[in-house]
Amino acid sequence: MVKIKTILTILIYCICILGVAPVFLYLDVICRLIFVTSLIAGIIFDRKGRHYIHGLALTILSIVFFFYYALRISSDNLVSPAINILVTLLSVRLLTEKTGRNCMQIAVLSLFTLAGSSLVNLGITFLLHLVLFLLCIAVFLVFQTFYATGINTAICVPDLKKIAATALSMPLISLPLMLVFFMIIPRTEYPLWNFLNSSGQKVTGFSEKVQPGSSTGVSESKNVVFRAQSRRLADKDLYWRGIVLDTMEGKTWVRSSVREHENTFVEKGSTVHQTIFPEPNTSPYLPALNLPVNISGVQAGRDPDYTFVRRQSRQKRVKYDSVSVLADFIGIHGRINKEHYLRTPAGTSRRIMSLAQKISLEGTTDEEKVMRLGQDFVTRKLSYTNNDLPRSEDPIDEFLFSNKAGNCEFFATSFAQLLRVMGIPSRLVGGYYGGTYNDMGGYYLVTEDMAHVWLEAYVDGKGWLMIDPSRFATNYAQRENRFGTGLFKDVRLMMDALGYYWNQTVISYDLEKQVQVLKKTNDAVRGLRFSFESRKLIYFVFPPFLCLLFIILRKKFRYTSLEEKILRTFIKKLRQKYPDARYGPDTGLHDMVKSIDDPAARQFVEYYAGVVYRDRKLKRNEYDRLRELADRI
Amino acid sequence: MAISGVFGWLNIRRIEFSVELPDEIYDGRDTLVTIRLENRKKFIPSFLIRAEFTGVRTGFTMIPRNSVEKAAVSAKIHGRGIKKIGEATIASCFPINFFIRYKKFIITEEYVVFPAPRDCNVPPGLGQKGLLREPFSRVKGSDGDVLKIIDYTGNEPLKLIHWRLSAKHEGFKVKEMASSANEPVILDLECLPGGSLERVVSCGAFLVNRFIRQNRPVGLKSGTVFISPDTSRTHRLKLLTQLAVYGKN
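Chains as they are written, first to last, in this note's numbering: chain A, 1 to 633; chain L, 1 to 249.
Calculated from the structure, these hints are not laboratory results. Only a predicted model underlies this, so the values are computations on that prediction, with no experimental measurement involved. It cannot be assumed that every hint is accurate.
[Stated by the list, open to error] Only some residues are given here: those of chain L computed to face chain A with a beta carbon under 8 Å:
id	residue
1	Ile-3
2	Ser-4
3	Asp-27
4	Leu-48
5	Thr-61
6	Phe-94
7	Ile-96
8	Phe-99
9	Ile-107
10	Thr-108
11	Tyr-111
[What the hints assert, rightly or not] Not close to chain A: a few residues of chain L, all C-beta gaps over 10 Å, as computed:
id	residue
12	Glu-20
13	Arg-50
14	Pro-64
15	Glu-198
16	Gln-214
17	Pro-229
Every residue, glycine too, gets a C-beta built ideally from N, C-alpha and C.
With the hints as extra help, turn the sequences into a complete structure.
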């Protein structure tokens with residue numbers, strides 16, 4: 001025998017863990033500590049059967065926690081304090097005795113916390129937690145009912161299994177319904193998630209300015225920036241163009257607000273189609289494989305430097321299609337405003353100036369000068385690093401001549417700056433380099449740590465030539481594989497593929513898609529035509545279906561003799577009037593009418609016995625008479 | 001919520017209610033009533049069914065599919081006579097205690113409630129007012145009336161030898177006596193003590209049970225109804241039934 005109370009206690013702890021787990025990492029450290037302590041203390045109290053903290057003290061504690069977090073709520077920070085309030089209230093409840101009322105409170109608070117988790121994380125793990133939560137809560141509610149009725153306080157294991165199976169079948173049946181409701185429940189055009197996380201929320205994306213020397217290190221965050229569905233490409237082609245930074249403001253490269261009018265073109269080359277699914281971000285720039293020539297599916301404009309700027313509301317989860325040409329340069333018809341691309345900040349170091357002068361003298365054409373500069377970078381034995389970056393007054397000078405180690409920002413900015421000093425127009429291109437191809441999903445996964453800066457140098461007669469100075473680093477090859485290896489990589493990619501499909505089917509399912517689905521369904525129903533193949537299918541499916549239908553109907557409406565037919569009518573009428581009238585193997589017709597006081601019924605039975613229990617079939621007039629008697633009941 | 005509603009509906013569906021009552025039910029006395037619930041569903045069991053009839057309640061944790069569960073409960077049924085079970089209810093808050101579903105049954109089955117036996121201080125001796133002695137008892141004994149004179153066979157006790165008659169005959173003559181203990185009794189309801197009708201029938205029920213327990217044949221006379229004395233259980237129930245309906249028509 002198993003005590004129902006024990007089952008309920010175990011289930012309530014499972015429920016509260018499932019509710020809090022998805023938000024645990026987003027909670028304050030204090031809140032996390034409170035929850036874990038309460039959970040352990042609650043289990044100990046329950047095992048000992050004694051709850052040491054008085055109810056009043058717990059109520060006061062709840063109020064204190066409530067006000068502590070409630071005072072932190074602001075229009076910018078609404079979700080986090082609300083979730084912390086829920087978890088602290090839940091923690092306090094865990095310390096109390098697990099009475100029916102308290103258990104229900106714990107279940108409700110856990111449910112709210114789980115619902116709140118969708119405001120901080122839209123990952124597929126939410127679905128997993130939700131399903132497990134529903135299973136637990138269904139079983140909990142059923143056992144709670146058993147406990148509340150008080151018929152039994154303990155149940156034997158076979159009965160327990162039957163009850164649990166019945167309880168589990170409830171959420172399992174409701175899961176398909178959940179899918180239907182997901183499809184049809186109306187959605188707002190502007191999702192709640194965007195409203196509640198309008199600011200203060202960490203978003204992914206590249207920086208709109210490059211400032212080497214502003215920090216000593218760069219984060220190696222594995223947060224997904226976007227996924228790009230495309231065919232597999234060579235690693236050298238995986239440059240994702242985002243933004244062009246054409247102006248130097250002191251040590252910082254920014255994008256000028258005025259666009260230069262350039263008549264640009266891209267020569268024909270290998271074309272790559274991609275469908276890009278960016279994670280929510282605030283950046284208006286749409287990354288796509290270098291060089292993107294067209295982006296559709298989202299309202300965006302193309303600048304002459306092949307930067308695509310989004311015009312739609314920000315941070316909404318969107319997808320867009322891009323067509324890119326794998327080209328190394330952007331052609332120019334006519335001239336460019338060279339003066340704009342040659343501006344250098346005042347105070348460029350002497351060493352940089354003399355280096356630029358030296359290389360300028362070595363080459364005759366712009367193209368040759370660029371090549372010479374590249375060679376100079378190689379001979380300098382510069383190394384690529386994301387740590388201990390130069391932070392002096394002139395970080396570029398430090399990078400080139402003393403430290404000789406830096407990240408892509410140092411490589412690109414120093415190269416571009418040198419080019420400008422040498423009289424060759426240059427600009428930086430910000431975006432991403434690399435991508436982990438997910439074979440399961442058929443897409444490239446691009447993470448934050450793949451953010452990259454390279455540059456474009458203007459060469460007369462050719463146009464904007466793409467150069468990645470980071471490739472001149474002695475250790476650049478080691479940077480290639482940053483996604484792990486072996487089993488870890490496989491598991492991570494598999495999980496990412498699940499997340500990808502989750503985002504595609506669930507998270508990005510909005511009002512627009514809902515209307516599309518309805519429209520498609522409507523069109524499909526209207527234009528229903530049977531092809532030859534589907535006709536063949538009908539030939540195979542329809543006859544067995546008809547046979548089955550015939551068997552079922554035959555069983556239900558099989559041929560019955562007049563005697564049986566009238567007897568059925570009589571019993572049916574009798575049972576309608578007298579629900580407990582019994583007729584069966586151990587109760588004859590006479591016994592049945594004896595238990596009820598109905599003259600018509602008695603008359604029927606007497607007449608029936610007289611005409612049926614003979615060595616002949618029932619006559620039509622006899623049947624009519626019996627029918628008349630049955631109708632009188 | 002909708003799914004739980006369907007489960008609640010299925011849970012109470014196709015359950016048949018019936019009651020098994022004992023042969024002897026006495027007015028206002030504790031009686032063991034068996035409530036029988038039959039789950040006629042082919043695939044699913046029923047849980048947490050509460051059954052109620054005439055103020056008697058009992059609970060069933062589970063009734064497996066296609067099976068019968070019984071529960072015996074103590075009940076007090078008031079008022080003698082022939083009664084109908086009438087309305088019975090089953091209810092269940094399964095699965096999640098938010099709503100309670102009910103199902104009512106109208107049961108026309110009848111049962112008899114006998115008057116509560118009450119001692120009316122009638123001494124065991126015969127010839128009292130209200131008790132009629134049958135003229136000739138056929139049951140042999142040693143302390144009753146003389147039934148007949150028979151020849152002495154050697155088995156009879158010496159005290160039964162009729163000395164005076166034996167002197168007039170060649171052999172010994174013995175008296176064959178009736179038994180006063182098993183002397184048949186006929187209860188005349190109009191003569192029974194008690195005052196009120198209910199007291200009279202209660203007294204009658206008490207005497208019927210007492211005499212039959214003593215293996216003494218009891219008969220009944222009430223108005224035009226006359227039931228010959230007997231000692232069987234069926235006979236006792238017949239007498240008690242007669243007492244239950246006495247004065248009810």
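For each hint, the structure was consulted:
Taken as an interface hint, Ile-3 of chain L checks out: its beta carbon lies about 5 Å from the nearest beta carbon of chain A, inside 8 Å. The criterion of a C-beta within 8 Å of any C-beta in chain A is met by Ser-4 of chain L, whose closest approach is roughly 6 Å, and the hint holds. Among the interface hints, the one on Asp-27 of chain L is violated; its C-beta lies about 23 Å from the nearest C-beta in chain A, farther than the 8 Å criterion. At a threshold of 8 Å, the smallest CB-CB gap from Leu-48 of chain L to chain A is about 5 Å, leaving the interface hint in force.
A hinted interface residue such as Thr-61 of chain L counts as satisfied when its beta carbon comes closer than 8 Å to some beta carbon of chain A; here the least separation is about 5 Å, so the hint holds. About 6 Å separates the beta-carbon of Phe-94 of chain L from the nearest beta-carbon of chain A, less than 8 Å, and the hint is met. Taking 8 Å as the C-beta contact cut-off toward chain A, the hint placing Ile-96 of chain L at the interface holds, the least distance being around 4 Å. For Phe-99 of chain L, the suggested interface contact is broken, since its CB lies about 11 Å from the closest CB of chain A, more than 8 Å.
At its closest, the beta carbon of Ile-107 of chain L sits 4 Å from a beta carbon of chain A; the interface hint therefore holds under the 8 Å criterion. Below 8 Å, beta-carbon pairs count as interface contacts, and Thr-108 of chain L has one with chain A at about 6 Å; its hint therefore holds. Contact between Tyr-111 of chain L and chain A, as hinted, is not supported at the beta carbon level, the nearest pair being about 12 Å apart and thus beyond 8 Å. The Cβ of Glu-20 of chain L lies farther than 10 Å from every Cβ of chain A, with a closest approach of about 13 Å, so its non-interface assignment holds.
In this structure Arg-50 of chain L is not separated from chain A by more than 10 Å, as the shortest Cβ-Cβ distance comes to only about 8 Å. Not every CB of chain A lies more than 10 Å from the CB of Pro-64 of chain L, the least distance being 8 Å, so the non-interface label is violated. Once the 10 Å rule is applied to beta carbons, Glu-198 of chain L is consistent with being away from chain A; the minimum gap is 27 Å. Every Cβ of chain A is farther than 10 Å from the Cβ of Gln-214 of chain L; the closest lies at roughly 35 Å, confirming the non-interface assignment.
For Pro-229 of chain L, the non-interface assignment is confirmed: its Cβ lies about 29 Å from the closest Cβ of chain A, beyond the 10 Å cut-off.
Of the numbered hints stated above, those contradicted by the structure are hints 3, 8, 11, 13 and 14, listed in ascending order.
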